[in-house]
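All chains, full assembly: derive it from the sequences and hints.
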Amino acid sequence: MITGMLLRSLDKGSYWFLGLLGLIALLVPALHLLLPPESALHVPGYAVALMGKYLCYGLLALSVDLVWGYCGILSLGHGAFFALGGYAMGMYLMRQIGDRGVYANPELPDFMVFLNWSELPWYWYGFDSFGFALAMVVLAPGILAFVFGWLAFRSRVTGVYLSIITQALTYALMLAFFRNEMGFGGNNGLTDFKDILGFSLQSDTTRTVLFSASAVAVGLGYVLCRLITRSRAGMVLAAIRDAESRTRFLGYRVEHYKLMVFVVSACLAGIAGALYVPQVGIINPGEFAPANSIEIVIAVAVGGRGTLIGAVLGAVLISYAKTWFTGELPEFWLFALGGLFVAVTLFLPKGIAGFLIARWQGFKDRKSAPGTATVANEGPAQ
Amino acid sequence: MSDLPSSVLYLDGITVSFDGFKALNNLSLYIEPGEMRAIIGPNGAGKTTMMDVITGKTKPDSGEVFFDGAVDLAKLDEADIAQLGIGRKFQKPTVFENQTVADNLQLALSGVRGVLETFLWSASARDKTRIDELLEIIRLTHLRDRMANSLSHGQKQWLEIGMLLAQNPKVLLVDEPVAGMTDSETVETARLLREIAENHSVIVVEHDMSFVRDLDVKVTVLAEGSVLAEGSLDSVSADERVIESYLGR
Ligand SMILES: Nc1ncnc2c1ncn2[C@@H]1O[C@H](COP(=O)(O)OP(=O)(O)OP(=O)(O)O)[C@@H](O)[C@H]1O
Ligand SMILES: [Mg+2]
Numbered sequence: 001m002i003t004g005m006l007l008r009s010l011d012k013g014s015y016w017f018l019g020l021l022g023l024i025a026l027l028v029p030a031l032h033l034l035l036p037p038e039s040a041l042h043v044p045g046y047a048v049a050l051m052g053k054y055l056c057y058g059l060l061a062l063s064v065d066l067v068w069g070y071c072g073i074l075s076l077g078h079g080a081f082f083a084l085g086g087y088a089m090g091m092y093l094m095r096q097i098g099d100r101g102v103y104a105n106p107e108l109p110d111f112m113v114f115l116n117w118s119e120l121p122w123y124w125y126g127f128d129s130f131g132f133a134l135a136m137v138v139l140a141p142g143i144l145a146f147v148f149g150w151l152a153f154r155s156r157v158t159g160v161y162l163s164i165i166t167q168a169l170t171y172a173l174m175l176a177f178f179r180n181e182m183g184f185g186g187n188n189g190l191t192d193f194k195d196i197l198g199f200s201l202q203s204d205t206t207r208t209v210l211f212s213a214s215a216v217a218v219g220l221g222y223v224l225c226r227l228i229t230r231s232r233a234g235m236v237l238a239a240i241r242d243a244e245s246r247t248r249f250l251g252y253r254v255e256h257y258k259l260m261v262f263v264v265s266a267c268l269a270g271i272a273g274a275l276y277v278p279q280v281g282i283i284n285p286g287e288f289a290p291a292n293s294i295e296i297v298i299a300v301a302v303g304g305r306g307t308l309i310g311a312v313l314g315a316v317l318i319s320y321a322k323t324w325f326t327g328e329l330p331e332f333w334l335f336a337l338g339g340l341f342v343a344v345t346l347f348l349p350k351g352i353a354g355f356l357i358a359r360w361q362g363f364k365d366r367k368s369a370p371g372t373a374t375v376a377n378e379g380p381a382q
Numbered sequence: 001m002s003d004l005p006s007s008v009l010y011l012d013g014i015t016v017s018f019d020g021f022k023a024l025n026n027l028s029l030y031i032e033p034g035e036m037r038a039i040i041g042p043n044g045a046g047k048t049t050m051m052d053v054i055t056g057k058t059k060p061d062s063g064e065v066f067f068d069g070a071v072d073l074a075k076l077d078e079a080d081i082a083q084l085g086i087g088r089k090f091q092k093p094t095v096f097e098n099q100t101v102a103d104n105l106q107l108a109l110s111g112v113r114g115v116l117e118t119f120l121w122s123a124s125a126r127d128k129t130r131i132d133e134l135l136e137i138i139r140l141t142h143l144r145d146r147m148a149n150s151l152s153h154g155q156k157q158w159l160e161i162g163m164l165l166a167q168n169p170k171v172l173l174v175d176e177p178v179a180g181m182t183d184s185e186t187v188e189t190a191r192l193l194r195e196i197a198e199n200h201s202v203i204v205v206e207h208d209m210s211f212v213r214d215l216d217v218k219v220t221v222l223a224e225g226s227v228l229a230e231g232s233l234d235s236v237s238a239d240e241r242v243i244e245s246y247l248g249r
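Note that the protein sequences, when read in sequence, are chains A and B.
In terms of this note's numbering, the first sequence opens at residue 1 and continues consecutively.
In terms of this note's numbering, the second sequence opens at residue 1 and continues consecutively.
You can trust all of the hints, since none of them are fake.
Cut-off 20 angstroms, straight-line C-alpha distance, at most; resulting in silico cross-link-like pairs (SDA-like, lysine to any residue):
| id | chain 1 | residue 1 | chain 2 | residue 2 |
| --- | --- | --- | --- | --- |
| 1 | A | K53 | A | V316 |
| 2 | B | K75 | A | E255 |
| 3 | B | K92 | A | D242 |
| 4 | A | K12 | A | G362 |
| 5 | A | K364 | B | R146 |
| 6 | B | K128 | A | M5 |
| 7 | B | K57 | A | R253 |
| 8 | B | K170 | B | R130 |
| 9 | B | K59 | A | S245 |
| 10 | B | K75 | A | R253 |
| 11 | B | K75 | A | S245 |
| 12 | A | K350 | B | Q99 |
| 13 | B | K75 | B | G13 |
| 14 | B | K92 | B | P42 |
| 15 | B | K59 | A | V157 |
| 16 | B | K92 | A | S245 |
| 17 | A | K350 | B | N98 |
| 18 | B | K57 | A | S245 |
| 19 | B | K128 | A | R230 |
| 20 | B | K128 | A | G4 |
| 21 | B | K57 | A | T158 |
| 22 | B | K57 | B | T94 |
| 23 | A | K53 | A | G281 |
| 24 | B | K92 | A | E244 |
| 25 | B | K128 | A | R8 |
By construction, these hints were calculated from the structure, which means they are not laboratory data.
Rendered as structure tokens:
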């Protein structure tokens, strides 16, 4: 049954995309590890980590596209789920430091020693175990999304109001995580990580493994999103997006569908955050900043809302542009981002992927049936 | 409550107010199993609001709504009521614009509604035949794989009626099915609804008098939120108060 569902939900574009991800998952590590640094094709270590980071944003963008593109839920707070996943991973990495911290305290992370705490808070228990941390990577964002979604969708909060409260959610979490008393490192967050599963985070191999893992995660996340959106449940989601009350009058429990897709999406965002943290080496409350959530929504719009692949593409492009601007023209980044958003909304309303798909469709129609290319648009204009 | 056991829909003393304005005012209406009823009345009479009350979109301030003699609809929400077997066509045709005609019908087909069920669902041969039948009935077979947003206004109305049928409800509430249709489409729609009424209870709201005449069923006149007159179209149109309520506007 699973294979049947997989085959049904993937198309040619999917196979190209997955193939490409597989290729970079192998090629980038090979070019990094096997070629000597003098070689023109050698990929330096910092670039591996940077590209890994882009892939994590790609996975976050996928999760946003799943709720926004396919169910019309415009979340401006997905950065919160990403950051929670990141913190869960960060807590594991902190525990891995052991007594190699500045204060060489085997029981407590440095920042707790600094705050004169005498024992580990209960919510840090279990993070010594990688398995437990992985579970929390999915559970923490998932449970938050469940509670939040349950309240919001049951009271039928939709549209702009929902967007605003998701934004408030991430903002509130940012303020909370800034406080030292929360026990997550306050302002500085969690950093100075050493190992993951006993392997040094500084080693080339670890870096490449994390990179490949990110590529695989994007691929699996994509397949999951396809499974959902191409199923009949996906048809219901699109129905909710386009005519919510009609869907209710057909007997569908709209709030259940919204809740399901919102929770799945939050879990994906959490996984993205968890992969992000070991590659950038730090997680701090800044990741909860409302601007991050907005940036990823813009990335999805630029790449093409409701296309999944476009969302990943948009996230990679926007992150690359951000890296470039922060290096060369830091003051102009926000203007560039805003300008790009306006330009895409005006000239490519379906984003880059939407534009390419329309082009490709037109090309295929012309090729397969010359002279009948207009058939698809023959219906009366509405 | 003497009508209760035999009525498929029983509305008694329903009042709905919006900010003090009574959209429905002590409205009572009984629909027999298998009956088709036409409801007419001037704009703002409360016809759509009455459907909102039956389908759970609006809760009445007072009064009772019962389905099938025993089910209290005031306690249920839209999805529950739809699953009980009450289908509704909106005044403004509402179909899923970005899905094909066949998929619109598929979504409406009675059966799976839960999240997990729909996720694991795959098309069965029986569904396919049923969709083919429905397309035949609503005369959209040739547009099967078209996106719903490319349909004409009248075709959307029919698709929505087809979706109603796909739900296989016991009661169909049809709000202004021929608004915006050409004369020949209107005649077709009357034929379609009469066909449907052979094995369903149907309530049709419509302003188009020639259409209502074509239906040839008992007529209820609503005005200012309550029933003004009931009977054959000829008898109600001869009624002084009905003439006045239409002319008085
Ligand atoms: N949600 C609402 N809030 C406030 N007033 C409402 C609401 N819904 C309906 N009304 C008012 O209630 C009255 C009855 O409206 P309703 O839509 O039921 O009339 P109708 O008989 O369907 O009219 P039409 O023939 O124009 O469709 C109208 O005056 C309308 O303005
Ligand atoms: Mg109305």
